Amino acid sequence: MKNIIKTDKAPAAIGPYSQAVEVNGMVYTSGVIPADPETGALAGGTAAEQAEQVFTNLKNLIEASGTNMENIVKTVVFLKDMEDFAAVNGVYAKYFPQPYPARSCVEVARLPKDVLIEVEAVAVK
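Each residue of the sequence shown is one higher than the one before, starting from 1 at the first, in our numbering.
Hints in this document: simulated from the structure, not taken from any laboratory.
As the structure is a computational prediction, the values presented were derived from the model and not from experiment.
Built from N, CA and C at the ideal position, the CB exists for glycine as well.
Only true hints are included.
Restricting the straight-line Cα-Cα distance to at most 30 Å, the calculated cross-link-like pairs of lysine-lysine (DSSO-like) are: (1) K125 <-> K2; (2) K80 <-> K59; (3) K59 <-> K125; (4) K94 <-> K125; (5) K80 <-> K9; (6) K9 <-> K59; (7) K6 <-> K80; (8) K59 <-> K6; (9) K113 <-> K94; (10) K74 <-> K113; (11) K74 <-> K59; (12) K74 <-> K9; (13) K113 <-> K9; (14) K6 <-> K94; (15) K80 <-> K113; (16) K74 <-> K2; (17) K2 <-> K59; (18) K59 <-> K94; (19) K9 <-> K94.
The following label-pair restraints were derived from C-beta to C-beta distances: (20) K113 <-> G90: 19 to 25 Å; (21) D8 <-> F85: 30 to 36 Å; (22) V23 <-> S104: 18 to 24 Å; (23) A41 <-> M1: 32 to 38 Å; (24) G90 <-> P16: 32 to 38 Å; (25) P112 <-> E83: 17 to 23 Å.
When you get a sec, could you build the whole thing from the sequences and use the hints?
Structure follows, in C-alpha cells:
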C-alpha cells in the first residue's frame with residue numbers, strides 16, 4: 001500500500017504528482033526545487049544559494065515522511081550547468097553525513113521555473 005507524503009514545509013506540487021510517496025518502507029521524493037514553501041519565491045541567483053533551499057526543502061520533506069537525511073540511500077541531482085558541480089557539492093556535503101548516499105548528477109537543458117538545480121531522493125524508513 002502506498003502512503004502519500006505531503007507537507008507545507010516543502011514546495012507544493014506544481015502538477016499532477018505527489019511531493020513524496022512511501023511504499024514498503026521506502027520513500028521516493030519527486031524533484032525538489034529551490035522555492036520557499038511559504039511564498040513560492042525562488043531562492044537566490046547562484047547554484048549554491050539555490051542548493052541551500054533545495055536541501056532544506058528536501059530535509060523537511062524527508063522528515064515529514066518519518067525518516068531523516070541519514071536514511072537517504074540515493075539522490076539524483078539535476079544541474080542546469082555542470083560548472084556549478086563544485087559549488088553544489090559544498091552545500092551537499094553539509095546536508096549528508098558519511099557514509100554518503102549513492103548519487104547521480106546530470107546537466108540538463110532546462111528545469112521547472114528555470115531553476116539552476118533540482119534534486120530527487122530515495123530513503124528508507
